[in-house]
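Chemist: So you can see what is in the structure, the chains are spelled out below.
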Amino acid sequence: DAKTTQPTSMDCAEGRAANLPCNHSTISGNEYVYWYRQIHSQGPQYIIHGLKNNETNEMASLIITEDRKSSTLILPHATLRDTAVYYCIVRVVAGGSYIPTFGRGTSLIVHP
Amino acid sequence: DGGITQSPKYLFRKEGQNVTLSCEQNLNHDAMYWYRQDPGQGLRLIYYSQIVNDFQKGDIAEGYSVSREKKESFPLTVTSAQKNPTAFYLCASSDRTGDGHYNEQFFGPGTRLTVL
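Protein sequence lines correspond, in order, to chains G and A.
Residue 74 in the numbering used here sits at position 72 of the first sequence; the count goes up by one each step and never skips.
Residue 68 in the numbering used here sits at position 52 of the second sequence; the count goes up by one each step and never skips.
The hints are simulated quantities; they were obtained by calculation from the structure and are not laboratory data.
From the three backbone atoms N, C-alpha and C, an ideal C-beta is built for every residue, glycine too.
Among the clues, some could well be false.
As the list claims (entries may be wrong) - For the chain G half of the interface with chain A, some residues (derived, Cβ under 10 Å), not all of them:
#, residue
1, C14
2, H51
3, K54
4, N55
5, F104
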């Protein structure tokens, strides 16, 4: 699986958009980009995933560059409850011996 | 409610004792995983299982053992051979599509193990 690079920490004002970047320059054509978040002392929670096209759900939007070497998770109106560590991972499409790898992620702090 | 449960939430053990962490899911997922998380760190894979009666070592399997006798259960034993067992342990599961693709993982609430 391709490695990802994320900033260690970011902050955002409540009510504003939070844009979390992820670099995955070695991503392969059969690898999806997944995002999870982990609120302190809880298990990670799935947010969104995508392959090539931009995706949106009730939690967030995912913007993937045309060359697929980077992506951005957007929380359109951040709240204090969005304070968490956000993990960007890439993974192959087909099954087999897929092993999800979580790095240190980005610690997002949303302030009043 | 469907979900994945871990028990207990907090666990204390004396050094040299084996301890077993429970993980149960009623999501009918094929795959289950165990991760370890240390303070300020990401998740490291200990073991995973894609089918009943089969499991594979992850990156840090030494000092740990698992079993997968039932689809819904994947207990993790932390043995006395694990040199630094104090950590936050997370269990996860995921289902499989018809073309063999594994979907997103669902995580349990975690067990915080402290070895005294």
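Chemist: Of all the hints given earlier, name the ones this structure violates by number, lowest first.
Modeler: Numbers 1, 3, 4, in rising order.
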